[in-house]
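*Asks:* Line by line, the protein sequences give chains E and Z.
Mapping the first sequence onto my numbering, position 569 (from 1) lands on 569, and the numbers just tick up by one.
Mapping the second sequence onto my numbering, position 52 (from 1) lands on 52, and the numbers just tick up by one.
Among the hints, a few may not be true.
[Claimed, not checked] Calculated pairs, DSS-like style, for lysine-lysine (alpha carbon to alpha carbon, straight line, at most 30 Å): (1) Z/K55 <-> E/K217; (2) E/K570 <-> E/K519; (3) E/K478 <-> E/K463; (4) Z/K173 <-> E/K458.
[What the hints assert, rightly or not] So these bits of chain E aren't anywhere near chain Z, every CB distance computed over 10 Å: (5) M192; (6) V230; (7) T486; (8) I516; (9) E571.
[To be verified] If you want a taste of the chain E side facing chain Z, the calculated C-beta under 8 Å gives, among others: (10) R167; (11) Q240; (12) Y241; (13) P323; (14) R325; (15) K327; (16) P333; (17) C340; (18) C365; (19) L368; (20) P372.
No wet-lab data here; the hints were simulated from the structure.
The C-beta atom is built at its ideal place from N, Cα and C for all residues, glycine as well.
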Amino acid sequence: MSRKLLSGDEAIARGAWEAGCRVAAAYPGTPSTEILEALAEYKEVYCEWSTNEKVALEVALGASLTGARALAAMKHVGLNVAADPFFSAAYIGTHAGLVVVSADDPGLHSSQNEQDNRYYGLAAKVPVLCPSDSQEAKELTKLAFEISEEFDIPVLLRITTRIAHSRTVVEPAEREERPLKGYEKKPSKAVMLPAFARLRHVDLEARYDRLREYSEKTPWNRVEKGSSDVGIICDGVAYQYAREVFPDASFLRFGMVNPFPSRLVRDFAALVRKLFVVEEVDPFIELHVKALGLEVAGKDKLPRWHELNPERVRSALVGEARPDRTKPEEGLPNRPPAMCPGCPHTGMYFALQNQKVIVGGDIGCYTLGALPPHNGMDTCIDMGASITFAHGADKALGDSDERRRIAVIGDSTFFHSGITGLVNVGYNRSDVVTIVTDNSTTGMTGHQEHPGTGRTLKGTEVKPVDTAALARACGIDKVVEVDPYTVKQTRKVIRTVLKEPGPAVIINRRPCALLIGLKDPPKAVDLDKCTGCKTCISLGCPALTMQDGKSMIQATVCVGCGMCADVCPKEAIA
Amino acid sequence: MNVLICGVGGQGVILFSDLLSSAALSVGLDVKKSEVHGMAQRGGSVNTHVRFGPKVHSPLIEVGTADLVVAFEMLEAVRYVHFLSETGRLLYDTYRLDPLPVKLGMVERPDDDELESRIRARAAEALEVNAFGKAVELGNQRVQNVVMLGAVSRHLELPKRAYLQAIRNNVKKKYVDLNLMAFEAGAELAG
Ligand SMILES: Cc1ncc(C[n+]2csc(CCOP(=O)(O)OP(=O)(O)O)c2C)c(N)n1
Numbered sequence: 001m002s003r004k005l006l007s008g009d010e011a012i013a014r015g016a017w018e019a020g021c022r023v024a025a026a027y028p029g030t031p032s033t034e035i036l037e038a039l040a041e042y043k044e045v046y047c048e049w050s051t052n053e054k055v056a057l058e059v060a061l062g063a064s065l066t067g068a069r070a071l072a073a074m075k076h077v078g079l080n081v082a083a084d085p086f087f088s089a090a091y092i093g094t095h096a097g098l099v100v101v102s103a104d105d106p107g108l109h110s111s112q113n114e115q116d117n118r119y120y121g122l123a124a125k126v127p128v129l130c131p132s133d134s135q136e137a138k139e140l141t142k143l144a145f146e147i148s149e150e151f152d153i154p155v156l157l158r159i160t161t162r163i164a165h166s167r168t169v170v171e172p173a174e175r176e177e178r179p180l181k182g183y184e185k186k187p188s189k190a191v192m193l194p195a196f197a198r199l200r201h202v203d204l205e206a207r208y209d210r211l212r213e214y215s216e217k218t219p220w221n222r223v224e225k226g227s228s229d230v231g232i233i234c235d236g237v238a239y240q241y242a243r244e245v246f247p248d249a250s251f252l253r254f255g256m257v258n259p260f261p262s263r264l265v266r267d268f269a270a271l272v273r274k275l276f277v278v279e280e281v282d283p284f285i286e287l288h289v290k291a292l293g294l295e296v297a298g299k300d301k302l303p304r305w306h307e308l309n310p311e312r313v314r315s316a317l318v319g320e321a322r323p324d325r326t327k328p329e330e331g332l333p334n335r336p337p338a339m340c341p342g343c344p345h346t347g348m349y350f351a352l353q354n355q356k357v358i359v360g361g362d363i364g365c366y367t368l369g370a371l372p373p374h375n376g377m378d379t380c381i382d383m384g385a386s387i388t389f390a391h392g393a394d395k396a397l398g399d400s401d402e403r404r405r406i407a408v409i410g411d412s413t414f415f416h417s418g419i420t421g422l423v424n425v426g427y428n429r430s431d432v433v434t435i436v437t438d439n440s441t442t443g444m445t446g447h448q449e450h451p452g453t454g455r456t457l458k459g460t461e462v463k464p465v466d467t468a469a470l471a472r473a474c475g476i477d478k479v480v481e482v483d484p485y486t487v488k489q490t491r492k493v494i495r496t497v498l499k500e501p502g503p504a505v506i507i508n509r510r511p512c513a514l515l516i517g518l519k520d521p522p523k524a525v526d527l528d529k530c531t532g533c534k535t536c537i538s539l540g541c542p543a544l545t546m547q548d549g550k551s552m553i554q555a556t557v558c559v560g561c562g563m564c565a566d567v568c569p570k571e572a573i574a
Numbered sequence: 001m002n003v004l005i006c007g008v009g010g011q012g013v014i015l016f017s018d019l020l021s022s023a024a025l026s027v028g029l030d031v032k033k034s035e036v037h038g039m040a041q042r043g044g045s046v047n048t049h050v051r052f053g054p055k056v057h058s059p060l061i062e063v064g065t066a067d068l069v070v071a072f073e074m075l076e077a078v079r080y081v082h083f084l085s086e087t088g089r090l091l092y093d094t095y096r097l098d099p100l101p102v103k104l105g106m107v108e109r110p111d112d113d114e115l116e117s118r119i120r121a122r123a124a125e126a127l128e129v130n131a132f133g134k135a136v137e138l139g140n141q142r143v144q145n146v147v148m149l150g151a152v153s154r155h156l157e158l159p160k161r162a163y164l165q166a167i168r169n170n171v172k173k174k175y176v177d178l179n180l181m182a183f184e185a186g187a188e189l190a191g
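So that you can see chain Z by itself, here it is in the shape it has in the complex:
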């Protein structure tokens, strides 16, 4: 299974992929996950690759072979859509976070309709998930990633308890309940 996750530095892309990969590990699969730290995390475009199955070699997904692309921001969805396989599925948050050059008025961002039509033209299946909105509703925008994880769980074969355990093992104690709620909310959004 090849899952590519993309978004903007600071959106919790890395924690999302940690949770997903530890869920896959806990059911006995081989797992590889790749991410990048440092400069790229400072508000730049961020992506992580998670691969699991009986045996995984490359930590990177080859373009055109992702079963799932998960995008935390719409522009980033378009940036990584070419990783999808012919039958791959895209889950994307309609949340919008303009890059600095756009904010400074140096370049134009294609409008949301154009982004959406580009997505539709490329992805065999594309589903909107308003994870950011749901997170704000839950009182903490930082759980956008775990809302998204809940939604993603509906599109993968891993058992629910594996995700819940991953959340308990990886999230700071005082945030566990909030994150479990976020996960359920996300699963509902996609269900």
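Here chain E stands alone, though its shape is the one from the complex:
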């Protein structure tokens, strides 16, 4: 088969398919989203967008325990959501292979933190594999299924953004069909009552010891002999950067970083005069090397935050001063991400301006409303935390603060982890007003389906969840719907609801402009009528700007949504 350029995500999907994977589940999250998007293209694999990562992992575990090779994929913070089943899965083990993919995001390209999920392997006693390019991502996915079956354990395949989103050359192979293994009830293995779990823990330690031996011997943890002056220990994409900077050094590279192969490291250390660990973010390998009593340079030189790249490795470990011509130009305006032209979130935030509110924000495109001109958010913590933050604030502040406690949450986020918070508001009674920004898609991660869209990942039409009815069932009696394109009307509704006591839900319904490819004739400003009041500018639409004291619409950017025309007090836009 001919060579292909695949992203790490696509290569993992390919590897899973080749390994005979039958069931895969995920919740979208950059940089992991494309794994399931690619895998869903293969008809032999059942794939779904689960409602969240905990659900996805449990679905995959259910498939594994009943005999199908299964995979669950998520971004790094998704594994926090799925941590509960992850730890139990290590005790229970597998029947057919179970692979959990965690895509970490050093550099926070699109995340709220840069946690290092190799520690999850250590904490849950689960093997961790870490590819350094797409070909390895594919091979290690296949190996992960093998290890999972041989050692009766889920395997964590840990990638990072640069692996997930770099395209490198891959040699595809054929699929090896893996029929269902046949299901047999085994309560002592799968029912985690204390009495059974106690025994499973002892068993897990035995499996983990065997895995440690495996890690010492696998060809995926290997020495590449070079000069004996410098020896570099590394994993993942850090290997590629170090290779670039130290073409002649000796390397010990880990494809399997947990359990840690101590003997291999000791033997390698004996070969070289100076030992470096090159790894991204946390000193995970370094910690283990130091525990062996070896002298090693690592995070005393390399940064503990943000992504590595060749120049960061070079300046930390080689220490040459960089020539001036390689320094970035200063004094340039930043170009932060912004809401798109026609984005319905713009109208909602405009309607919220100048209201007396404390806003629990959430995660999605609408988080961009935290930036100017809206400054429309007090917090963004993790998915689902808008409603619960607002509830906590409401309980704390009571009548002492006149600002109404509200939550702003996207539709996909609401299904992911907003519902439990809303039930809590209904049950424990607070005055929280929850605004659901329903744009009929999971926007931020590139338009995935969710329970409210009426379609599944595989393209099946299903009955969409009725968000308004759901909110009522959660115990919220006041539920209203608005169209954020009618901005003034939306503002009126929000104002009215904010004045009334008791919990409420306001659903802002209007599909994402990118999703439907909105491109209506552009609007234009009548310069005779425009007084330069800047009301339209405060929508924060990228098509609008001020020119010579009047507002101006860039026709190549405008998609004709008409929100600016709606808010203009002089009716100067048409």
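Keeping the supplied structure of chain E fixed, place chain Z with the ligand upon it in accordance with the hints.
*Replies:* What follows is chain Z with the ligand alone, placed relative to chain E:
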């Protein structure tokens, strides 16, 4: 060969780099290409790195080693000019798309003359390509990226058929002809 491509989310920077890397792959080279999805794509500053040759390790280009920097917008050209090697070449579109903070009047954008002189001071060679203008002339501003690819093809050693094949393989069928035209137009602009 190290090619860094930069622009604004939504300008087609990623498709450009897909086309370039599949062209390089088709002539038997090792290729690595790096890009970022998600938040950054929402109108933010976007860059991709394409590297090809007999063997490539790092998916990222080291600063000061790019043979070519391709910029879809002038401010972005200045933002990434330090990636150029001492002999590197910059191809930039004079198209202007102000960042939101500039539109809101929160910060000033240096004027085009200043940007241009900063470019000239840093790049061994800098060439203007009016790709956006050409795309509008062709009736679809979204082919700015493929016009740019045509221009870039004049500065790389890959055979023309490799690009054309890449376009046929990667672009939606109904847009193939338009994109082939855009490619030719771009090659002419640079020729
Ligand atoms: C636990 C967790 N999983 C996934 C993500 C990635 N993620 C961030 S926001 C989001 C969903 C956004 O969709 P929606 O709530 O509908 O808002 P939109 O972007 O459409 O405005 C996702 C999947 C995350 N940050 N945290």
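*Asks:* Evaluate each hint against the coordinates.
*Replies:* For each hint, the structure was consulted:
1. Z/K55 <-> E/K217: Judged against 30 Å, a Cα distance of about 28 Å means the pair holds.
2. E/K570 <-> E/K519: 25 Å, holds
3. E/K478 <-> E/K463: 24 Å, holds
4. Z/K173 <-> E/K458: With Cα atoms ~23 Å apart, Z/K173 and E/K458 stay inside 30 Å; holds.
5. M192: 36 Å, holds
6. V230: 16 Å, holds
7. T486: Holds, because the least Cβ-Cβ distance between E/T486 and chain Z comes to about 24 Å, which exceeds 10 Å.
8. I516: The claim holds: E/I516 sits with its nearest Cβ about 16 Å from chain Z, beyond 10 Å.
9. E571: 22 Å, holds
10. R167: The hint holds - E/R167 has a Cβ within 8 Å of chain Z, the shortest such distance being about 4 Å.
11. Q240: 5 Å, holds
12. Y241: Check passed: Cβ of E/Y241 comes within 5 Å of chain Z, closer than 8 Å.
13. P323: This hint holds: E/P323 lies near chain Z, its Cβ roughly 7 Å from the closest one there, short of 8 Å.
14. R325: 6 Å, holds
15. K327: With a minimum Cβ separation of about 6 Å from chain Z (threshold 8 Å), the hint on E/K327 holds.
16. P333: 5 Å, holds
17. C340: 6 Å, holds
18. C365: 7 Å, holds
19. L368: 7 Å, holds
20. P372: This hint holds: E/P372 lies near chain Z, its Cβ roughly 6 Å from the closest one there, short of 8 Å.
The structure shown violates none of the earlier numbered hints.
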